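Read off the chains here:
Number of protein chains: 2
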Amino acid sequence: MSLFLSTYVNKVDKKGRVSVPSLFRAALETQKFQGIVVFRSYKHPALEAFGLDRMAQLSQSLDKNFNLFSDTQDDLAASIFADAQQLGFDGEGRITLPDDIAAHAGITESACFVGRGATFQIWAPDTFKQHQTAARARVQQGNVSIALHASEVGQ
Amino acid sequence: MSLFLSTYVNKVDKKGRVSVPSLFRAALETQKFQGIVVFRSYKHPALEAFGLDRMAQLSQSLDKNFNLFSDTQDDLAASIFADAQQLGFDGEGRITLPDDIAAHAGITESACFVGRGATFQIWAPDTFKQHQTAARARVQQGNVSIALHASEVGQ
DNA sequence: CCATAAAATCCCATGCTATCCCAATTTAGA
DNA sequence: TCTAAATTGGGATAGCATGGGATTTTATGG
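Same order as they appear, the protein sequences are chains A and B.
To convert a position in the first sequence, counted from 1, into this note's numbering, add 78.
To convert a position in the second sequence, counted from 1, into this note's numbering, add 78.
There could be a bad hint or two in this list.
Note that identical chains are pooled: a pair holds if it fits in a single copy or bridges any two copies.
[Claimed, not checked] Pairs of lysine-lysine, DSSO-like flavour, derived with a Cα cap of 30 Å:
hint, residue 1, residue 2
1, 110, 92
2, 121, 93
3, 92, 207
4, 110, 93
5, 207, 93
6, 207, 121
7, 92, 121
8, 89, 121
Simulated from the structure, these hints should not be mistaken for lab results.
Remember, it's a predicted structure, so these values are computed and weren't measured experimentally.
Full structure from sequences and hints, please.
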């Protein structure tokens with residue numbers, strides 16, 4: 079199973095190409111389609127991304143459990159498929175970000191790849207910095223981290 | 079399962095490399111990825127660390143319901159997965175601490191590896207000494223339950 | 001159906017950085 | 001004290017990100 083960790087900032091060249099971090103590529107190397115799937119995030123000025131096999135998995139999960147999602151979430155999830163783009167790697171492990179997708183995240187001359195475990199996101203570097211600082215503050219204030227460790231890892 | 083005990087202080091060279099204590103490495107030698115995962119602690123000027131297996135486990139457990147819409151998961155992901163770094167061992171069992179990570183712990187010319195059972199921490203030696211003294215004082219004052227709770231959680 | 005232009009893809013070259021490899025030194029154990 | 005293991009240091013190497021050109025594919029108009 080793929081695991082995406084850490085944050086990388088890479089440059090976008092004139093052609094709109096960006097290197098996907100090598101460790102992210104390594105996490106996807108067992109897949110048939112050598113590339114990623116991206117779509118615009120609903121909650122953030124950012125892009126959601128993962129491998130194609132996970133997209134298939136998401137489709138299956140929606141088929142079987144659509145009643146578990148609320149109507150709104152169902153609509154959101156369904157529109158993911160319409161918005162999603164398959165971006166293949168070139169020989170050097172780069173993808174080419176389509177203009178409209180890049181615009182949604184405000185990405186211009188560099189892109190920030192953010193690991194989220196099973197998935198990752200792509201942000202404009204400055205925007206993500208702000209978001210991360212705020213998120214970190216929220217986690218510090220609430221006792222979220224304790225619940226997390228205790229329930230899952232604290233054996 | 080890996081068990082990290084005792085405290086070791088090792089030097090950081092000009093390239094930012096530190097030897098991970100051999101007993102800590104031994105505790106991880108059954109894992110595929112020969113190295114560790116580190117991220118900045120929320121509560122302390124220190125780094126949390128453990129093997130990649132444990133991080134994969136954490137990712138899986140958070141990922142069970144494809145939760146693209148949870149605010150809490152969002153913050154956790156941004157704080158833990160985005161912040162985490164995979165640091166592989168070199169031939170001599172060293173890791174290279176990235177500058178920003180090292181800065182959070184105030185680590186400059188030497189690093190203190192502190193065993194915490196299933197996980198361990200990395201501190202600046204002086205900072206840890208102070209922290210340990212303060213913790214001891216709290217125990218003497220009778221604030222034992224808090225100290226115990228914190229240690230159990232791995233913060 | 002063909003010709004041309006535009007765009008996306010592929011291919012190779014470069015600089016930088018992280019990693020590897022080997023040697024020296026220190027520490028721990030017998 | 002002697003020996004083996006662990007830590008420390010530095011030069012060499014390989015991998016990655018990046019840039020630019022060449023080639024193929026796709027769209028457009030005749």
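Now the hints, each set against the structure:
For the homomeric pair residue 110 and residue 92, the shortest alpha-carbon distance inside one copy (29 Å) is at most 30 Å, but the shortest distance between copies (39 Å) is not. In the homo-oligomer, the alpha carbons of residue 121 and residue 93 lie at most 30 Å apart inside one protomer (28 Å), although the nearest pairing across protomers, at 40 Å, exceeds that limit. Taking CA atoms no more than 30 Å apart as the test, residue 92 paired with residue 207 passes in both settings, with 24 Å inside one copy and 28 Å between copies. Within a single copy, residue 110 and residue 93 get their C-alpha atoms as close as 26 Å, which meets the 30 Å cut-off; across copies the closest is 38 Å, which misses it.
Taking CA atoms no more than 30 Å apart as the test, residue 207 paired with residue 93 passes in both settings, with 25 Å inside one copy and 26 Å between copies. Taking the shortest alpha-carbon separations for residue 207 and residue 121, both the intra-copy value of 16 Å and the inter-copy value of 20 Å come in at or below 30 Å. In this assembly of identical chains, residue 92 and residue 121 lie within 30 Å of each other by CA distance solely inside one copy; the values are 28 Å within and 42 Å between copies. Only within a single protomer do residue 89 and residue 121 lie at most 30 Å apart by alpha-carbon distance; the minimum there is 24 Å, versus 33 Å between protomers.
Hint check: no violations occur; every hint is consistent with the structure.
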